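Which chain is which? The protein sequence lines are A, B and C, in order.
Under our numbering, the residue at position 126 of the first sequence is numbered 274, and the numbers go up by one with no gaps.
Under our numbering, the residue at position 44 of the second sequence is numbered 192, and the numbers go up by one with no gaps.
Under our numbering, the residue at position 314 of the third sequence is numbered 462, and the numbers go up by one with no gaps.
In short, the hints are calculated from the structure, not lab data.
Among the hints, a few may not be true.
Chain copies aren't distinguished; within one or between two, either way the pair holds.
Calculated pairs, DMTMM-like style, for lysine to aspartate or glutamate (alpha carbon to alpha carbon, straight line, at most 20 Å) [what the hints assert, rightly or not]: (1) K345 - E539; (2) K417 - D466; (3) K417 - D538; (4) K467 - E150; (5) K467 - E540; (6) K417 - D218; (7) K417 - D217; (8) K345 - D248; (9) K530 - E541; (10) K345 - D538; (11) K345 - E150; (12) K530 - D239; (13) K467 - D502; (14) K530 - E542; (15) K530 - D502; (16) K467 - D248; (17) K417 - D248; (18) K345 - D502; (19) K345 - E541; (20) K467 - D349; (21) K345 - D218; (22) K467 - E542; (23) K417 - E541; (24) K417 - D552; (25) K530 - E540.
Please read all numbers here as calculations on a predicted model, not as lab measurements.
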Amino acid sequence: MEALFTVNNLWILVATCLVFIMHLGFATLEAGFVQRKNVVNILFKNSMIISIGLLTYYFIGYNLMYPGDDYAGGVIGAFGVMDWAAGVTPDYAAAAEAGDTYTGYSDFIFQAMFAATCATIVSGAVAERIKLVPFLIFATLFVALSYPITGMWQWGGGWLASLQTPFYDFAGSTLVHAAGGFAALAAIILLGSRRGKYRSDGTVTAIPGHSMPLAAIGVFLLWFGWFGFNGGSVLSADPNGVSLVFVTTSLAAAAGGVAAFFMGYVLFKSYDLSMVLNGILGGLVGITAGADLMSGGEAIVIGLIAGTIIPLSIVFFDKTLRLDDPVGATSVHGVCGIWGTLAVGLFGASAGFDQFITQLIGTLAVGAFSFASSFMIFSGLKAVMGIRVDEEEEIRGLDVGEHDMHAYSLTKEDGVFQLTSE
Amino acid sequence: MEALFTVNNLWILVATCLVFIMHLGFATLEAGFVQRKNVVNILFKNSMIISIGLLTYYFIGYNLMYPGDDYAGGVIGAFGVMDWAAGVTPDYAAAAEAGDTYTGYSDFIFQAMFAATCATIVSGAVAERIKLVPFLIFATLFVALSYPITGMWQWGGGWLASLQTPFYDFAGSTLVHAAGGFAALAAIILLGSRRGKYRSDGTVTAIPGHSMPLAAIGVFLLWFGWFGFNGGSVLSADPNGVSLVFVTTSLAAAAGGVAAFFMGYVLFKSYDLSMVLNGILGGLVGITAGADLMSGGEAIVIGLIAGTIIPLSIVFFDKTLRLDDPVGATSVHGVCGIWGTLAVGLFGASAGFDQFITQLIGTLAVGAFSFASSFMIFSGLKAVMGIRVDEEEEIRGLDVGEHDMHAYSLTKEDGVFQLTSE
Amino acid sequence: MEALFTVNNLWILVATCLVFIMHLGFATLEAGFVQRKNVVNILFKNSMIISIGLLTYYFIGYNLMYPGDDYAGGVIGAFGVMDWAAGVTPDYAAAAEAGDTYTGYSDFIFQAMFAATCATIVSGAVAERIKLVPFLIFATLFVALSYPITGMWQWGGGWLASLQTPFYDFAGSTLVHAAGGFAALAAIILLGSRRGKYRSDGTVTAIPGHSMPLAAIGVFLLWFGWFGFNGGSVLSADPNGVSLVFVTTSLAAAAGGVAAFFMGYVLFKSYDLSMVLNGILGGLVGITAGADLMSGGEAIVIGLIAGTIIPLSIVFFDKTLRLDDPVGATSVHGVCGIWGTLAVGLFGASAGFDQFITQLIGTLAVGAFSFASSFMIFSGLKAVMGIRVDEEEEIRGLDVGEHDMHAYSLTKEDGVFQLTSE
């Protein structure tokens, strides 16, 4: 039994490493999709978000999200620093007999790695025009308060988990991805679009990302990390459970990529790499709510639909709503997060009308709360200190404006380019 | 026993993650070794290959490669979708008693990650001049049919595994790497060289890759993933088995790098990074067939020979045969794949004349089949739709021609460069 | 018990993979922080260092560092090739009963991955001006002899481990990081600064790195790998032990980043990405000596102090001492290595005056030996063959000078840039 506890705990820790590397995935994906002049800013934000996320989760988030049985059915958890002494498991064999599969420390660090992802999702959507300091204040408040509150509703045993037909969100299509996506939506509404993006004559300017290799590295790392994100959410190394999740996660990602390939061609008459990359991510987000409930065929269908949604949703937000989201975060995480949550009511072991309704309630409730909290925080920051860089800084780039450096330095001595400005 | 089954299964899943990340390694390696104007195309192909590979392996490849005992000694497996219900292991303790070490789902996903690598190997060799759609059709057919058929000959219990002295290919020097290398050879023969590569006066133009950092990232990620590729091929977490494989794999890779350093200097009188990187890969491919049979010293010798072969083989293909392979895939995977397979007959626990002959038969049979199937598929595609982009597109680059985008976007506003064309 | 041995051993192997990928982290970090014209050179050095490190550790380092009980309390280990036959564990259950947790092969490969990191630390500090061949000779000698000798003093049961109050260095703040940092210090003193760095009028020129994305990728990969570096140093998969180390490591890294953010702003009045990245690394180096002894709060304090030290130390070396260290290795690994070692005497389960004195003795002894051995090796090389490239090569870049290639190739045909020189 000691060995069983050890192997279960080990998988949570390995999964922690994998979820951690998703932060590099987000950093490179977002860096690749922004212009060259705003790359340092993205890297800076993503380096700070993981740091802030871990610290706030230690000081407040963990207890707020997992307050224990006393808060069952509730809407808000407990305040307080993580209880360090409770991290230790005194007797592995006894713990395993009781059905426990990991130590308190493992629980904390695995969940802490999840917490910061919400803010990272927002980071991409508001890129290229948000001021650094207000964004970091938002990230701190959102990760410390908003994410743990909505997370507690389900994973902390709150009201969503206590409905007659309980809400189901295996690894966070709603609690992580839609939460981040809706927060991003609030942010881009308040922030406005990048200069020159939407012209008064109705035309929409495409602003291409500066490095497709960075974007592709990001997507592969995110897929890699998703094995820990979904696989670790089994909360043990149970062989059938984890291996099933690996298969459904992979098949949905693959189907998302293939569907986005075809849909991208239908819409744009070209083979659009951005769409395939976002299609893979859409498939991953889509399978996340029910990765443990689906068969291979169902995972493929969920992925195909997610991959079909992606180009349509990106065009809808960009051309119809004229909401400027440089990386497509609202579509990938928001729209596909909802899709994945609803899919639990349509496919797999929990499918059914009651489940579908619960899924709808849950995703809308979490989405609404995240949207509202993000809107309130950014509104307050806008009133107090402003959230948008000035016009000159936006044109020149945030790298020079906020960080006084370039992402890439080239000099004449490098022997390749002639420096023509600065 | 439940714990033992769980830890064995867990290692297969962790190894699956590691093999997955090899696809990012191939993507960045190949992207780094091609010209700037063809980078999106490479990333697109590699994103699609893993997606196509997983889906086709689910629908057809898995049963074709692992058809079960009824097909023992045969030459072709069974057709049909993966049997989802058989993925579950009902009783872990009983399974462990019976010697099983992983679930059916784990088996599928680990093997599925291997399947697409063959097509990825071809992707690099045909870079910078192949049309996208015929390549994707080739990848689909090759991964769905050719790779599982030759794979079944050995790993599925087919005729190579049933020879009097059975063929031995621990993790795929032949079944994966030489198979991919020979398919690549057929492809580049049919496709022809890049424009301007071989002049009529006999001179050979070097076409340098556009980013050595991307290439180096690729090789380190491939080495990282190889711990799963070879280590996972133990098919359990057996401590002696897996740790031995880690040591032999690492020592061979290191020796390959060192040998290519010296041989590169002998040939080119400079310290050639491409050669060291390919030497490391050559060492990895070389040890793959017998990673579980060798001592440390033998692993080093195998790696040294592989690393010595690499520069010689690359020059031979490029200068003597005038076959254009932008990333050296035929040398790394084809030639070193053969070398590693033969090495099993020369070094280690299975060395012997009979074994050497069997190894020769096996690697030639698989190589010939892969070459022939690749040749047939590409010939058919050439006749039906053409496989090569037109001259104008090749000059302008496939990124604009096939994908209507640049890998790197720079504008005057970025404040660093003046845009001088387009 | 067989399962327990298997899971313990598996964690050492997974940790080995994680430590391996730190070599890619160092490669990309250093490549990002140097100028475009010296990138191939950095990648070449880092590819060779891991290769040389593994081979020398097999042939000499392992026995020199872990000579067994006969050498208890000593100052130098045994010479000889790794004993291959001793890699095997004959009976897993019996081994587990005896308290063993991994095979001899696992021990070798995990420790071998550590060995080369010392030389990698030096590689960054001497970048952009050192000759390739003397550096590789230094790396070979330092990894084969100096690192294993000082490592043996503690981890091999030598004199530091036998003091009345034994020295404590959990995962190598001193034995790995300070050792590397002090070797780097000796090297940059002997080598001198890059041309144009320090002017005769007292001004100091900032020479920005060529790619912040590469630098950021490096730091995230190093953090990722540190889970194996520190977590694997538990030397088993013990749930409480490893999960505690994951938490302290992560919190210290996060605190290091946040402290460097503030201190960087105080010093430079801008949000300096290099400082945040180095602050994270400083936090990681700082927690390494006592990652298993600290509480969450203590880990955060250690990280905050490390992150505060980083900008101050970098400025002190650069402006006051006028010692040129392009990547800040002396501050990150040397200064924070000392800080982390001393912190074991100030915080956590072993805090106390006697422990503090021992920590001081240990870190100074190892630092002094590493400095002296590095100074001697480089002095010898300087006398025999010179260690610095000539002025023309330094201006033109080592990529062309040593390797006859560019890190990035661009041609007019790429359709983006006009080539203006070469």
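- Item | Alpha-carbon proximity between K345 and D502, which holds within one copy, between copies, both or neither at 20 Å | Answer is neither: 43 Å inside a copy and 65 Å across each miss the 20 Å cutoff.
- Task: Have a look at K417 and D552 and pick one of within, between, both or neither, based on CA distance no larger than 20 Å.
- Result: Answer is between: at 10 Å across copies they meet the 20 Å cutoff, but 41 Å inside does not.
- Query: With identical chains treated as interchangeable, where does the CA-CA distance between K345 and D248 reach 20 Å or less: within a copy, between copies, both, or neither?
  - Reply: neither (53 Å within a copy, 59 Å between copies)
- Go through the copies and call it for K417 and D218: within, between, both or neither, with a Cα cutoff of 20 Å. neither (57 Å within a copy, 47 Å between copies)
- Task: If the cutoff is 20 Å on CA atoms, where do K467 and E542 land: within, between, both or neither? Let me know, please.
- Result: Neither: 22 Å inside a chain and 33 Å across chains, both beyond 20 Å.
- Intra- versus inter-copy proximity for D466 and K417 (alpha-carbon distance at most 20 Å): within (18 Å within a copy, 37 Å between copies)
- Task: Evaluate K530 and E542 at a C-alpha cut-off of 20 Å and name the case that applies: within, between, both or neither.
- Result: Intra 17 Å, inter 49 Å, cutoff 20 Å: intra-copy only.
- For the identical chains here, do K417 and D538 meet the 20 Å Cα criterion within one copy, between copies, both, or neither? Result: close only across copies, 19 Å inter versus 37 Å intra.
- Query: With identical chains treated as interchangeable, where does the CA-CA distance between K417 and D217 reach 20 Å or less: within a copy, between copies, both, or neither?
  - Reply: This pair counts as neither: shortest intra-copy Cα distance 55 Å, inter-copy 48 Å.
- Item | Status of E150 relative to K467 across identical chains (alpha carbons, at most 20 Å) | neither (58 Å within a copy, 55 Å between copies)
- Message: Checking an output row: K345 and E541, CA cutoff 20 Å. Within, between, both or neither?
- Response: within (16 Å within a copy, 30 Å between copies)
- Query: Given identical chains, is K467 near E540, meaning Cα to Cα at most 20 Å, within a copy, between copies, both, or neither?
  - Reply: neither (26 Å within a copy, 33 Å between copies)
Violated hints, in rising order: 4, 5, 6, 7, 8, 11, 12, 13, 15, 16, 17, 18, 21 and 22; the structure is consistent with all others.
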